[in-house]
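Q: For reference, the chains in residue letters:
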Amino acid sequence: MHSSAVALARSAWKGPYFVHFPNLQQCIKNGTPIQTKARACTIMPHMIGARFMVHNGKSFQAVKVTEEMVGRKLGEFSHTRKRFSYRLTKNR
Amino acid sequence: MLLLLGVNLPDQKVVSVALTYFYGIGPLTARKICSRLSIHRECKLSELTESQLNHLSSELSEMTIENDLKRQVSANVRHLREIGTYVGKRHAMGMPVHGQRTHNNSMTAKKLNGRMLRGFSTAAAAAAPAAFGLFRAPLSGRQQQ
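Quick mapping for you: the protein sequence lines, in order, are chains A and B.
If you read the first sequence in the working numbering, its first letter stands for residue 129, the second for the next number, and so on.
If you read the second sequence in the working numbering, its first letter stands for residue 19, the second for the next number, and so on.
No lab work stands behind these hints, which were simulated from the structure alone.
One thing to keep in mind: the hints can contain errors.
In silico DSSO-like cross-links for lysine-lysine, where the CA-CA straight-line distance does not exceed 27 angstroms [stated by the list, open to error]:
1. B:K128 to A:K210
2. B:K107 to A:K165
3. B:K129 to A:K210
4. A:K210 to A:K186
5. B:K107 to A:K192
6. B:K88 to B:K128
7. A:K186 to A:K165
8. B:K62 to B:K31
9. A:K192 to A:K157
10. A:K210 to B:K107
11. A:K186 to B:K107
12. B:K107 to B:K129
13. B:K107 to B:K128
For each label pair, taking beta carbons as the anchor points, the in silico distance ranges come out as [as the list claims (entries may be wrong)]:
14. A:T194 to B:N26: 36 to 46 angstroms
15. A:Q154 to B:E77: 54 to 64 angstroms
16. B:N122 to A:R211: 17 to 27 angstroms
17. A:M181 to B:V91: 44 to 54 angstroms
18. A:N151 to B:V91: 38 to 48 angstroms
Note that beta-carbon positions come from the ideal geometry of N, C-alpha and C, so glycine has one too.
Start from the sequences, fold in the hints, and give me the full structure.
A: Written out as structure tokens, the structure reads:
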């Protein structure tokens, strides 16, 4: 399912779009999170176990990459919208 | 009525139309099955011979249709929910998934989208009454396992 979704979105000869994080292996070892704004970056197998702080337009959300996430984008795990909740007044 | 793989099919209908009574078979797939079994386009279901029916049922039993397909779809949605994607979240909220407007309309999504997570699996069925409509439900169910 994942592979087909990726394959449909982009021509095969280009390969998946991903960003090169220079200190990725080091960060996986140390467990230090990588701050990034590259929401469109595809999660590749070598990123498993890494911790990311993915920007959602306002703040950086923690995303821990697991095996199942491979093939999806980083941005899918950092939600950009707040659930609506009704407030009587704005000044609270 | 003819009972085939647990689905009641109407006798008086054309075969390619009657096949669309299965979940997972549309007009195109039905026509493909008919041409593969060399059943005439206007042949009614009641006019099929015994051997043709046998071929038809063996053809159908090889496909993923009905409950198998429903389970597959709901498993896919549940997987998306469990790994925490945006799509899975939208499903759990019962909102449209592909970026449609929600100011008004989106009634189809509100009607259908939560279903995949609630129905069809024992784990989701157990979690559903506790947190009906809350999108945390599948996650909390998983932690207990």
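Q: Does each hint fit the structure? Answer for all of them.
A: Cross-check of the supplied hints:
1. For a cut-off of 27 angstroms, the pair hint linking K128 of chain B to K210 of chain A stands: about 18 angstroms separates their Cα positions.
2. With a CA separation close to 21 angstroms, the supplied pair K107 of chain B and K165 of chain A stays within the 27 angstroms bound.
3. The straight-line distance between the Cα atoms of K129 of chain B and K210 of chain A is roughly 22 angstroms, inside the 27 angstroms bound, and the hint therefore holds.
4. Pair hint K210 of chain A plus K186 of chain A holds up; C-alpha atoms about 11 angstroms apart against a cutoff of 27 angstroms.
5. Between K107 of chain B and K192 of chain A, the direct Cα distance comes to roughly 17 angstroms. Compliance with the 27 angstroms bound is thereby established for this hinted pair.
6. Distance hint between K88 of chain B and K128 of chain B is fulfilled; the C-alpha atoms sit about 19 angstroms from each other, no more than 27 angstroms.
7. For a cut-off of 27 angstroms, the pair hint linking K186 of chain A to K165 of chain A stands: about 11 angstroms separates their Cα positions.
8. Between the alpha carbons of K62 of chain B and K31 of chain B the distance comes to roughly 5 angstroms, so the proposed pair stays at or under 27 angstroms and holds.
9. With a C-alpha separation of about 13 angstroms, the suggested pairing of K192 of chain A with K157 of chain A holds against the 27 angstroms cut-off.
10. Annotation: proposed proximity of K210 of chain A to K107 of chain B holds, straight-line Cα distance about 12 angstroms (limit 27 angstroms).
11. Between K186 of chain A and K107 of chain B the alpha-carbon distance is near 19 angstroms, which keeps this suggested pair within the 27 angstroms criterion.
12. About 16 angstroms separates the Cα atoms of K107 of chain B and K129 of chain B, which keeps this hinted pair within 27 angstroms; it holds.
13. Only pairs whose Cα atoms come within 27 angstroms are accepted, and K107 of chain B paired with K128 of chain B is accepted, the gap being roughly 13 angstroms.
14. Our hint of 36 to 46 angstroms for T194 of chain A and N26 of chain B holds, since their Cβ atoms are close to 44 angstroms apart.
15. Distance hint check: the CB atoms of Q154 of chain A and E77 of chain B are about 56 angstroms apart, consistent with the given range 54 to 64 angstroms.
16. About 19 angstroms separates the C-beta atoms of N122 of chain B and R211 of chain A, a value consistent with the hinted range of 17 to 27 angstroms.
17. The given range of 44 to 54 angstroms is broken by M181 of chain A and V91 of chain B, whose C-beta atoms sit roughly 33 angstroms from each other.
18. The hinted range of 38 to 48 angstroms is satisfied by N151 of chain A and V91 of chain B, whose Cβ atoms lie roughly 40 angstroms apart.
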